[in-house]
Amino acid sequence: MNRAAIERAFVSYAEWLIQWRWGVLPLLLLLSALLLSNLSKITIDTSNEGFLHADDPILLDYNRFREQFGREEVVLIALRPPEIFSESFLTTLKQLHNDLEEQVPHLDEVTSLVNVRYTIGREDELVVEDLMKAFPNSPEGRKALQQAALSHPFYRDLLISEKGDVATIVIETQAFSQQSEENELEAGFDDAVDDSSADADSATETRTFLTDEENGEVVAAVMALVEQYQSEAFPMEVAGSPVVMEHLKKSMQNDMRQFTVTMVGIIFAFLFVMFRRLSGVLFPLLVVILSLLATIALMGWSGVPLKLPTQILPSFILAVGIGDSVHILSIFYRRYDHTGDKNEAIRYTLGHSGLAVVLTSLTTAAGLFSFSTAELGAVAELGTFGGAGALFAMTYSLLLLPLLLSIFPLKQRFNATLQAKADHEGNSHSSPLDRLLDRAVHYATNHATSVVFISALLFVFAVAGITQINFKHDVMKWFPADEPVRLATEHIDRDLNGSISVEVLINSGEENGLYNPTLIASLAKLQDSLEQLGEGDAQLQAGKRISVVDVLRETNQALNENRASHYTVPTDRQLVAQELLLFENSGSDDLENMVDSQLQTARLTLRLPWREAGDYTTVVDDIQQRVNAAFDGEAEGRVTGLMMIFARTLDAMMSSIAKSYTIAVFVITLMMVLLVGHIRLGLISMIPNLLPITIVLGVMGLWGLPLDAFTMLIGSIALGLAVDDTVHFMHNFQRYYRQTGDTVEAITHTLHTAGRAMVITTIVLSLGFLIFMRSEMNNLLNFGGLTGLAIVLALMADLLLAPALMTLIFGKGKREVYS
Amino acid sequence: MKVFNKSIQGVVIITALLFSNLSTAAPTAREIMEAVNARDDGDNAIMQMEMRLVDKQGKQRVRKMKRWAKDQIDEQQGEVSRSLLFFLEPTDVKNTGFLTYDYDAPGKDDDQWLYLPALRKTKRIANDDKSGSFMGSDFNYSDMTDPDLDDYSFTLMKESEVRGHPVWQIKAVPKSKETIEETGYKQSVLFVRQDNHVVVRGVRWLEKRGRLRYLDVKKLEQIDGIWTPLETTMTTKQGKKRVHKTVIHYSNVRYGADLPEGMFTVRRLEKGAE
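Each protein sequence line maps, in turn, to chains A and B. For what it's worth, the working numbering labels the leading residue of the first sequence as 11, then goes sequentially. For what it's worth, the working numbering labels the leading residue of the second sequence as 5, then goes sequentially.
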């Protein structure tokens with residue numbers, strides 16, 4: 011790479027920019043304004059399936075399921091009264107139930123002991139009604155209710171715990187969004203269009219699933235009622251994935267707001283300390299805030315919502331973007347104070363740092379873009395838009411910042427003491443920072459071998475740690491241990507054996523195939539056998555299992571004088587068909603939640619306790635195998651449900667990480683080689699880049715911190731940032747080595763120019779990530795702390811290891827200038 | 005101009021007031037509904053029904069039934085509508101039958117018996133709420149019977165046209181929560197044909213899930229002088245999306261047959277459709 015030519019090109023670019031500043035600035039502002047007009051379109055999506063790409067096969071399966079049977083994620087309210095079958099509790103339960111039905115929006119169904127289906131045969135009569143249709147006013151009535159509630163197998167683990175001490179209310183919400191859907195009375199009739207085409211239309215039309223906002227309305231309404239009803243005598247807990255989702259969203263919005271403000275504050279303070287100029291504070295802030303807004307606007311424009319992983323974008327872009335401005339301004343102010351010629355200082359600065367700014371931005375962007383092909387959709391989006399953000403920051407730093415410097419009047423500072431000690435580039439050697447840097451140079455160049463040896467040792471330890479690393483995806487563990495929704499989930503899992511669901515769809519392959527008594531018998535057997543799932547550590551106890559089998563058993567028992575021996579499925583095809591017809595006609599619409607309208611596919615729902623997704627992978631395999639074995643070819647079973655989404659997320663994460671780390675290392679190495687102009691030197695310069703990441707991953711392995719959807723980002727992001735320091739180091743080192751031919755002097759010079767900016771940007775950057783440790787969410791805490799550590803290590807590597815390596819390669823003494 | 009406009013408006017209003025006072029022909033919503041209930045819909049009827057159930061993917065299931073119905077004034081119980089219904093298809097449910105006594109007298113619950121041929125057993129079904137699905141369709145039992153007019157307040161919304169016939173649009177709002185729970189509907193808008201008092205369309209707001217049901221009589225013919233719907237659809241919608249649809253075709257409709265009392269007994273029910 012012809013460095014001199016590139017530097018000249020940047021100087022001419024600066025000249026051109028200054029000359030046309032009154033044309034370029036309005037144009038830039040106009041384009042920015044156009045882009046920023048998309049800001050209002052941004053939306054938030056914290057759904058569990060939001061992690062996956064919209065066209066992920068597992069997600070498409072899940073969506074088809076939701077189209078047919080509705081949303082399977084339910085809100086669960088657990089009630090722990092002193093005595094369930096007391097008049098006061100039953101009265102409150104009924105009231106709360108009614109209030110929920112009336113006040114919760116987007117509701118599909120509220121189920122509790124109040125209204126659960128109660129099928130019973132009395133003499134020649136068949137009764138299908140709500141369990142508490144007649145409110146039990148007498149003690150005998152309550153005794154009878156207790157008897158009915160506790161003996162009915164269907165209610166156990168669903169609406170009442172086995173011990174009879176916990177009652178639940180299950181709230182099902184609608185699967186689809188009702189936004190932008192309104193009704194004109196007469197428009198509802200479809201006689202304008204031909205019937206068959208209307209059928210086809212509605213089949214292909216895609217609908218939006220319930221939005222985060224609507225989910226939030228549901229949770230808020232439930233919470234308000236729980237607040238109103240709960241007392242010390244009557245403790246209540248709320249769990250279920252819709253509630254988890256809402257909590258994640260709340261904490262995400264909180265964190266994002268707080269961290270963005272804190273980050274702006276940190277940047278403000280550092281810029282002030284560093285430059286002590288109004289322009290030195292306001293211009294870079296304008297640059298990074300515009301970059302941030304442009305990125306968010308780009309997301310809004312392309313219709314990509316903010317998701318859990320993308321919540322780190324604001325702090326990230328602010329931290330990354332500021333580096334460019336700091337490098338530019340630190341050179342500019344020194345030069346300007348020294349010469350007093352503003353436009354000359356701009357040309358000089360861009361010539362000096364333009365290439366480094368472009369390269370550091372490109373490497374950062376490459377680190378992020380390496381995720382853009384990730385199988386994990388949300389991470390791919392973070393990669394794409396994070397990379398775009400880095401490029402926005404570069405563009406604004408190279409366009410807007412010089413324009414602002416050139417247009418606004420700046421005061422030249424004439425500092426006598428500084429001037430006296432500074433060299434021709436305005437570098438001083440007197441501050442504590444400078445003395446620290448001097449010591450680094452001294453140590454690294456004099457003990458080069460031991461620095462490299464210690465680094466190698468650390469590397470070996472780190473690799474040993476990496477072998478211990480685990481992949482995990484467990485949204486619940488992100489919450490602090492005392493978070494109500496986490497506690498509620500743990501309690502419900504304990505008392506009722508499960509709060510999230512797996513769905514198995516059993517497809518008979520033909521219309522009315524569910525009339526087949528053999529198939530129904532197999533389904534019943536399967537349902538009963540799925541009690542223990544998985545193996546070894548991943549083994550878990552399944553909770554409630556629901557299918558059409560329950561309906562058939564109940565109806566059969568009721569038709570046979572309530573004899574418990576008839577709690578079985580019919581063995582006669584006609585009887586299966588007739589019992590189902592009877593049930594359909596009995597006033598209950600529960601059947602539509604259990605079978606499809608063709609009576610071809612049956613749904614088997616299993617409630618399972620909340621676990622880490624890795625356990626679910628084993629469980630899902632186990633279920634799938636048992637389903638295959640159960641039907642022996644007479645029906646095909648497919649597993650879906652939220653648990654599949656979790657398992658798939660983990661799976662996608664694991665394949666994403668290997669891919670994107672490889673891409674990031676490859677692309678960034680290539681860039682380093684191009685920058686340095688030598689293959690061997692380029693490869694060696696990657697050592698100080700890779701070591702910090704290796705150490706951080708090793709630390710994770712040794713401390714048992716898992717790789718999850720957040721910590722998996724550390725590698726590529728830290729690499730993209732760490733490489734910035736190395737780019738600046740190598741860029742300046744080669745420059746000064748060419749001038750002086752003396753390794754130690756070149757290193758000293760490098761650290762006194764770029765080194766200072768490196769230290770400052772490292773402080774800002776690491777703080778930018780370390781503030782995530784203030785989040786109460788464990789995922790952000792780990793992510794922030796570890797990335798911050800990686801960035802600090804990267805600086806140390808560039809202050810110690812990189813000089814040591816250069817000393818070993820080029821020797822200590824003065825040499826002929828290399829070309 | 006303004007003054008002129010105002011005076012024209014005044015003349016129009018006064019004329020309208022005069023005419024509305026003079027004409028006794030314009031009925032109230034309640035009167036219209038009384039006419040609807042009083043309409044002769046055949047006291048003795050035999051018919052075949054073909055019910056097509058269409059799900060949201062457009063997949064269909066067909067059920068065929070035969071139905072006998074008789075309206076009678078009983079000395080003790082007032083008007084009673086008795087009906088006997090057998091499934092003919094699908095074959096797995098053939099001869100499954102329902103015998104229903106629907107009492108007009110307020111407060112008296114309907115009687116229903118069910119016969120399951122596979123079990124050779126008849127069971128009385130205790131169910132006083134009419135919000136449950138009629139034979140697994142989008143129609144519920146309240147859709148199949150005349151409403152008790154005292155349970156609703158009716159308002160005449162406007163007059164419009166359905167398939168070229170002038171109709172009254174009448175809004176029916178249940179007076180009590182019990183009625184809502186019993187019928188499953190929060191309110192309805194009915195489109196009543198002005199010439200023959202047949203409800204040819206209806207929009208009904210389901211109590212649950214924010215769904216709407218659209219009733220549409222697509223084919224209406226006079227048989228033996230009685231206006232008879234031959235094709236009726238009921239579409240359940242959530243927002244603009246169809247959740248489910250039922251199409252009922254009536255055929256071989258005969259009125260005035262002399263149906264004996266013995267037709268509507270449990271013994272007859274257990275004999276099947278012949």
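Bear in mind the hints are in silico, worked out from the structure with no lab data behind them. Remember, it's a predicted structure, so these values are computed and weren't measured experimentally. Wrong hints could be hidden among the right ones.
Cβ-Cβ distance ranges computed for the label pairs, FRET-style [stated by the list, open to error]: (1) A/K669 / B/E54: 28 to 34 Å; (2) A/D65 / B/T149: 46 to 52 Å; (3) B/R215 / A/K669: 44 to 50 Å; (4) B/T149 / A/R504: 39 to 45 Å.
Cβ atoms here follow ideal geometry from the backbone N, Cα and C, with glycine treated the same way.
Hints, one by one, checked against the model:
no., hint, result
1, A/K669 / B/E54: 28 to 34 Å, "violated (57 Å)"
2, A/D65 / B/T149: 46 to 52 Å, "holds (49 Å)"
3, B/R215 / A/K669: 44 to 50 Å, "holds (46 Å)"
4, B/T149 / A/R504: 39 to 45 Å, "violated (50 Å)"
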